[in-house]
Structures are given as structure tokens and as C-alpha cells.
Amino acid sequence: MRRFADVFARRAMRVSAAVPGLIVLVILLALVGKSRTILGLKSFAGLLFGSSWHPLRGDFGFGPFLSGTLWVTLAAMVLAVPISILTAIYLSEYAPRRVRELAKPMIDLLAGIPSVVYGVWGVLIVVPFVGNVLAPAFGATSSGYSVLAAGIVLAVMVFPTIIHVSLEVFAAVPQSLREASLALGATNWETVRHVVLRKGLQGIIAAVVLGLSRAFGETMAVLMVVGNVARAPKSLFDPGATLPSLLANNYGEMLSIPLYDSALMLAALVLFGVVLVFNIAARIILVRVERRSE
Amino acid sequence: MKLNGKAATIVFLGALLAGFGFAGQTAPKPLSGTVTLSGAWALYPMAVRWAEEFKKDHPGVRIDVQAGGAGKGMADALMGMADFGMVSREINPEEVKRGALAFAVVKDGVVATVSARNPLLSEIMKRGIPRARFIEIWITGSVKTWGQALGGNPSKAAIHVFTRSDACGAAETWAAYLGKRQEDLGGVGVYGDPGLEDAVRRDPLAIGFNNINFAYDPKTLKPVAGIAVVPIDLDGSGLVEPSESVYATRDDITGAILRKVYPSPPARDLYLVSKGRPARPAAAAFLRWILTEGQRFTAESGYIPVGPEQLEKGLSILK
Amino acid sequence: MRIRRRRALEERIFKVLMAASAIAVLGGLLLIVGTVVVKSLPALRLSMLIQTPKGGFYLGREGGILNAIVGSLYLASGATLLAVIFGLPIVLYLNLYARPRSAMAVFTRFSLDVLWGVPSIVYGAFGFIVMAALGLRASLLAGIITVALLELPIMTRAMDEVIRLVPQAMTDASASLGATKLETALKVVIRQAMPGILTAVLIAFGRGIGDAASVLFTAGFTDSVPTSLLQPAATLPLAIFFQLGTPYPEVQERAYASAAILTLLILAISLISRTLIRRISKHSVR
Chain C
0 MRRFADVFAR RAMRVSAAVP GLIVLVILLA LVGKSRTILG LKSFAGLLFG
50 SSWHPLRGDF GFGPFLSGTL WVTLAAMVLA VPISILTAIY LSEYAPRRVR
100 ELAKPMIDLL AGIPSVVYGV WGVLIVVPFV GNVLAPAFGA TSSGYSVLAA
150 GIVLAVMVFP TIIHVSLEVF AAVPQSLREA SLALGATNWE TVRHVVLRKG
200 LQGIIAAVVL GLSRAFGETM AVLMVVGNVA RAPKSLFDPG ATLPSLLANN
250 YGEMLSIPLY DSALMLAALV LFGVVLVFNI AARIILVRVE RRSE
Chain B
0 MKLNGKAATI VFLGALLAGF GFAGQTAPKP LSGTVTLSGA WALYPMAVRW
50 AEEFKKDHPG VRIDVQAGGA GKGMADALMG MADFGMVSRE INPEEVKRGA
100 LAFAVVKDGV VATVSARNPL LSEIMKRGIP RARFIEIWIT GSVKTWGQAL
150 GGNPSKAAIH VFTRSDACGA AETWAAYLGK RQEDLGGVGV YGDPGLEDAV
200 RRDPLAIGFN NINFAYDPKT LKPVAGIAVV PIDLDGSGLV EPSESVYATR
250 DDITGAILRK VYPSPPARDL YLVSKGRPAR PAAAAFLRWI LTEGQRFTAE
300 SGYIPVGPEQ LEKGLSILK
Chain R
0 MRIRRRRALE ERIFKVLMAA SAIAVLGGLL LIVGTVVVKS LPALRLSMLI
50 QTPKGGFYLG REGGILNAIV GSLYLASGAT LLAVIFGLPI VLYLNLYARP
100 RSAMAVFTRF SLDVLWGVPS IVYGAFGFIV MAALGLRASL LAGIITVALL
150 ELPIMTRAMD EVIRLVPQAM TDASASLGAT KLETALKVVI RQAMPGILTA
200 VLIAFGRGIG DAASVLFTAG FTDSVPTSLL QPAATLPLAI FFQLGTPYPE
250 VQERAYASAA ILTLLILAIS LISRTLIRRI SKHSVR
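Going down the list, the sequences are from chains C, B and R. The first sequence begins at 0 in numbering that gives the first Met the number 0 and counts up one residue at a time. The second sequence begins at 0 in numbering that gives the first Met the number 0 and counts up one residue at a time. The third sequence begins at 0 in numbering that gives the first Met the number 0 and counts up one residue at a time.
Hint data in this document are derived by calculation from the structure and do not stem from the laboratory. All C-beta atoms, glycine included, are put in the ideal place defined by N, C-alpha and C. Each hint should be verified, as a subset may be incorrect.
Unchecked claim - Subject to a maximum C-alpha distance of 20 Å in a straight line, what follows is the list of computed EDC-like cross-link-like pairs (lysine to aspartate or glutamate):
hint, chain 1, residue 1, chain 2, residue 2
1, B, K179, B, D268
2, R, K53, B, D216
3, B, K106, B, E89
4, B, K218, R, E61
5, C, K41, C, D58
6, R, K53, B, E299
7, R, K180, C, D5
8, B, K143, B, E122
9, C, K103, R, E160
10, B, K106, B, E240
11, R, K53, B, E52
Stated by the list, open to error - Partial chain R-side listing against chain B, Cβ under 8 Å, derived:
hint, residue
12, L58
13, G62
14, A132
15, A137
16, G219
17, S223
18, G244
19, T245
As the list claims (entries may be wrong) - Incomplete in silico selection of chain R near chain C, CB under 10 Å:
hint, residue
20, G59
21, I84
22, L93
23, F109
24, A212
25, R273
Assemble the whole structure, with the sequences as input and the hints as a guide.
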């Protein structure tokens, strides 16, 4: 009886282990299958880099959305990376243990806040801030709904990802190395710069790439503050649109205009592909870092 | 004598049969099931009202009303995800090809809106904005300041143009008034009719558009607090004449649409779209009720009734 | 002398920058939670929590968010349950049954990594395609399936990390005592890793209940509390999204109240999982 249960359980677990692979395959098949229609009529490069999004005329250029995504993601990373890494360094190398133990749950809390709530905060605080304070300060006019607003909101969303992974990376740096550096007369900061950061560089890169992938795929918070304009932004204060926001906004028109549903599924496929590449890259780096410290 | 007798028997028998048929029809059949409506914000208030009233007679029916824009309504109807799509624009041939069957149920309109805190509000209300200027604001983008919008005004305050980010009838209808399609409208895209209204309310320099029943407060019948409705300078005279001043209350604008003073577009028919004839009994009953008894509630909900011929056409399709 | 001063200066500059960064991060957190709390305080009445919206959720001046609270709880619970049913066996298989380098284990781990990174909007789009193919309407069931897909990789990754930590010595001891692999799994491994497993479930639940993009196309929205799996269900994230942008303060209140409930839920989950790990860790064998 026990043996039977064991064998049965083994079979059942084997079957369930096949599920993730199956899901990936089905998702790919579904997205590719739906995208085929439009790919049969237009070139992939033309779609990807086309700068005109006029579905009624049959123009499905993703260019404005890729551009918007790049602007938003870049703005977010420029803000998030230095702040996150500095915070991680502070928590790991300088802060007393109590502060670190207090800060970690707060950072995890930031990670758990749903993106709609970030969106609420963005609409209430960030958009007016950009429109009424930042834009005039730089001599621009803006309603506040802009790639900058989206970048700021995304940056805060990405903080916990980068900080969390960086903290783990720093923890993996052997304490003996730090001690050796200090024994040689280096200051704390110099130790950080020349030892910890150098050793942890690959891990930090992985953390940044993970943050990048999170930023790339984020939908709701960006949708609420970015302005949703299907034109490539020319400045930080311009409104724009991202690939995820394109999907969320326009799935309603899918059946009214020929090829629209196929175009949107192609956008989903592109998004899937890009995020996939980022995540795999980050994972590979992190695994290598882990292995080296063992 | 014989003829009279025969005729009398026939009449008598006919009356008897009719009496039975009649009795059979008025015997209450408990209706049950779920009806799903999805789509335009323009129809949302009316649909909610209709659902409330219909459920009074048919408590066994559950009616779910969701708004997501006319585009979503059409998509849901065509995919069988909703019984009826609420569509606040004209139906495309492509949609008809996929089986869309449209029933005109009421009429309403789209109005242009600005914030009540607009620095030039009194000027705007006095002079109105002509259609040509709207085109320059939303389509060509050549009007960039409020001074230009009002023609000959020195103000250099920038215009913040807003439109809808979701595929919707309001934008499509407003664009149709300007001779174009929704995708040709410029401006920051905000999700949903109330969303656009809120964005305009918060930004003193904003201009947008809304369905009447979101622009006007259903309780006070005046424009929602924080919003002002932009008069359209219909004759291009540069002034809003008394005949053009139809925006003070909801009844004013609905009256103007009824009398055809307010142009169509931006006034338009609102449709319930189903894929083919509605198959489920609860859905078919609801639609039939809307086309007949439901029409009682249109005026008090802020809508304009469609012509009886359109209702007749709908009813005949249903049979 | 000059070099030492420069090094000290450099250290001080960076210390200031680091402090500023830490303040930015924690300040951001306080600002976000604070904004939600301040805006939602006037809205959190009892009637908000126990009534559904009256007069349509976009327009109604009365009523509350019961539809979203119950809908979200049903949906997230269903999705988390579904994810556990598949996730726990997967992780047990990977750690106890399969050889670490077997093709199956590598492929499964790789697939889980892939799924972990998929943005929730893609899950939503995929869910929509499946719904259309199966003729399913926007419903609680469609939402549960989609969110379960979203939660599965998150849950398995978290579970995997804890189950891996179960000392090999323990599983060996169990095997040497004659236990079958299943018995080892159930009586030893799961018991040892229980706090971690519960935490994984909680984290996945928190992620699932807060996600809007995956339910936007799939679960629908409604004023009523769902009474069957095939009816549309309101959810808290969509309740925020749909009711935030509106000029009617009563409608907006419902959005803020939903945001407050969600944030409180996440806080609670965070606290509970921390105390769980701390308390039961005391009793587990190291």
C-alpha cells in the first residue's frame, strides 16, 4: 500500500512537473499563432520599427511604443540604479544590524504593493509634480502625464528588486576580503569601491537587468500616468505609450479593425520575447555568481 | 338572418380564441438567467437604470453592466462574451460582416469640456469655440494656446488637450464631428469617460470631451462640479447667441439635440449590439422590454428617445 | 596629507549620497502608503465594506466595495489553491525525485524561470485567447485560471528555495529508516519547510490579489457579489483602476477604500509571513 502510494505519487509529480513546460509552449503557440496573420502580410522589421500607428489605415508600426517603452525604462533605470545600489551598499556595509533588519521588511513591503496603488500615487502626486513643478523649472510645458512621470513611478517600483538582489550579492562577498582591505589601511568606502563592488559587479549587473525586465513589462502604473499618446516622445515631458499600455488600452478594438487583434498579439509576443531574454541573462549571471561563492 | 348568425358565431369563436391566447400571454412566466452588457460609457447610466427597472418585474434575472468603451463592447458581443455590446458610434461594415446586429435604443451626445478653473472661462462661455478651431486643437494641433483657441485673444497659456485612451464611441463621435476618426485625435489619452472628465477637472488649462450623462450631474442636472461645458459657436459668429446657448442644464442640451439645434455628430444614436439575434430568453426579453416599456425612462435619465420607426425596426428583427 | 583628506572627503560625500538614497527609498514607501491612508481614511466606513455599489459602480453615489472585496478573495483564493495543487508536487519532484541534471528537471526549471518573468499583461492576453477559444465568458473561473498561471512560477520559486534548504542529512535519515520517498516528502520535508512553504503561498496570494493586468480582460467586473464560477467578478485592483479617475467624489472614495484594503492586506501578509518564519524556525532542526 505504501509502495503503491509512492509510485502513484511519483507519477503524479512527474506529470505536474511537465506542466510549466507545457504552459510555456502553449503560450508561445497561441501568441505566434495569432501573430501569423499580420506577419504574413507585413514584414516583421517594418512592423517593429514602423513609426506610424494608424490601424484604420492598416499601419501597425510599433515604433512609437518601442520608443515610449525605451524612454520610460531608461528614465526609470537612471533614477533607480544609483539610488538602489547606494541604498544597498549603505544597508550592507554601513548600517548597524538593527537598521538593516528594520529596513529589509520595509523594502519587501515596497515590493508587495500592487501596481495599481503605485498608479494611484502616481496620478495624485507625481503627475502634478511633473506638470506644475518640474516642467516649468526646465522651461517646458506639460500636463504632467509624461514619460518622466512614468519613469519616476517605475523607478520606485524597481527599487526593491535591485536592492534585494544587490544585498544578496554583497552578502556573498567573503568578509575576509573586506577585513584584508581594511587591514591594508583602506577606508570603508574604498573597501566598498575596490573590493565589494568589484567582486559583486556581475551580481549587480544581474540585479539591474532584473529591474529592467520588471520595468519593461509593467502595465497598470505606467498606463495611468504616461499619457497614452501613440507618438514617439521627443522629450521627458512628452506623453508617450509603452507596449504593455498598448495592449491594455486597445484590446477592445480587436475585432472591429482587420488585423488589429493579430497586431496586438504580435506586440504581446515581442514583449514576451524581450522580457524572456532579460530574465534568462540575469538568471545565468546570478547562477554563476552563486556558484563562484560556494 | 343566416349571414348574421354565421358572422356572429365566427366573431364569437374568434373572440373566445383570442381570449385564450391573450390569457396565455399574460400568465406570468418566471424569467431567469443572466444578461451581460458591456461597452460604452455613454450607455452605462441608461443601462443601469434599465436593469434596475427590469429587475423589478423580473427578479430572477441577473443583469451585469460593465463599461470599457464601445470598442470593448463590440468585441465582447462579437466573441460571445457579452449578450449585448453597448456601442456609442456607428457600426463598421467589418463588424457587420462578423455578425453584428445593432438595435438603436436611445440618443445622446458628446460635449466639449474645460475645467471650471480655466483662467479664460468667462471668455470661453461668452464666445464659444467654432468647429474649425476644434479641428485645429485636436486634429492639426496648430492651435497651441488658449489665446489662439479664442481667436484674437492675447493669452499665451498653453492648451492641454485630452482625449480617450480606450477605443470608445465618444472619441469616435467627436472625431466624426471633426471629420476624422478616433486615432486622428491628438492629446493625452485617459482611460474612460469619467477618467477624462477628472483629468480635465484637475487641470485648469485642459480641454476634453464627455458624454452628456457624465458631463452633467444626474442629481443637479448642471455640469458636474469642477467642469464647464464649452459652447459650440455653431454659426462662427464669434459669440454665443441665445439660440446657441443650450448648455446650462442637461435638459437644455437634450432639448437642443431633440430639436436638432445641436448637430449630429456629436449627437448620435446609441446601439445595443448582439451577435445575430439574441439567443438567450432573458436577453431577448430584456431587449424587447428596452425597445418598448424601457423607453419610458429615457428622458428622466438624460437621454433623447429615438424615433418610433427605429424601435419598430428593432422589434421586427427580434421577432 | 592631501590624499588622506581627499579620501576622507570622498567617503563623506558618498555617505551623504547613500543616506539620501536610503531616505529616498524609505521616504517613497512612506509617501505611497501615506497617500493611500490619508485619502482613504474618510472613506473607510462600515457601509463601504459591507455594501455593493448602488446605481452602477461608475456613477453610484451610495454603496461600497463588497463586490470587489468578496470577488478578490474568491479569485485569489481559488487561484492560489490551483497554484499550490500544481506547484507543490512540482517542487517536491524537482528536489526529491528527479536527478538534478536530468533533462526533465532542467527543462522544468528553465520553464519556471521563463514563466516567472512573463509580464502579467501577457498572461491576461493569453487568458483572453484561451477564453475566446473555449467560449468562456469573462468570469471568476477565467480569472482564477489566469491568476493561477501568474502565481505558479512565483510560488514554485519561493517554495523551491526553502525546500532546497532542508538538510540532505534529514532526507537520508528518513530513507535509511525505511520510509518511501512519498513519506519522506510528506512527513519530513514538508514539515521542516512548512514556514517557508506557507510564506511562499502567502507571497503568491499577495501577488495574485493585487494584480490588475491579468484580470482586466478575463474576470470582468460587476456590481454584484459573484454566486457562481461562471459569473463576472469584481476585483480590488480593477475597483481602484475603474473608480479612481472620476469627478464624483463618492465613486472615487470607493477607489481609495479599495486601495487601502489592498495595501492593508499586503501589510498583513508581510507581517504574518515574517512572524511565521521566526516562530516556526525556532522549532525546526537546523
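Holds or violated: is there a CB of chain B closer than 8 Å to the CB of R:A137?
holds (6 Å)
Hey, B:K218 versus R:E61, does the alpha-carbon distance stay inside 20 Å?
holds (13 Å)
Can R:I84 be said to touch chain C, with a Cβ gap under 10 Å?
This hint holds: R:I84 lies near chain C, its Cβ roughly 8 Å from the closest one there, short of 10 Å.
Quick one, are R:K53 and B:E299 close enough, alpha carbons at most 20 Å?
Given pair R:K53, B:E299 holds - Cα atoms ~18 Å apart, limit 20 Å.
Could you grab the alpha-carbon distance between C:K103 and R:E160 and see if it respects the 20 Å cut-off?
holds (18 Å)
How about R:L93: closest beta carbon in chain C under 10 Å, or not?
At 7 Å from the nearest chain C Cβ, R:L93 passes the 10 Å test, so the hint holds.
Do the numbers back the hint for R:A212, that is, is its least Cβ distance to chain C under 10 Å?
holds (4 Å)
Given the hinted pair B:K143 and B:E122, is their Cα-Cα distance within 20 Å?
It holds: about 17 Å lies between the C-alpha atoms, which stays within 20 Å.
Sort out whether B:D268 lies within 20 Å of B:K179, counting only the CA atoms.
holds (18 Å)
Against chain B, run the beta carbon of R:S223 and see if the smallest gap drops under 8 Å.
Interface hint status for R:S223: holds (7 Å vs cutoff 8 Å).
Cut-off 10 Å, beta-carbon criterion: hint that R:F109 touches chain C:
holds (8 Å)
Proposed proximity, B:E52 with R:K53 (alpha carbon, max 20 Å)
holds (14 Å)
The structure fails to meet hints 10, 13, 14 and 20 from the earlier list, while all remaining hints are met.
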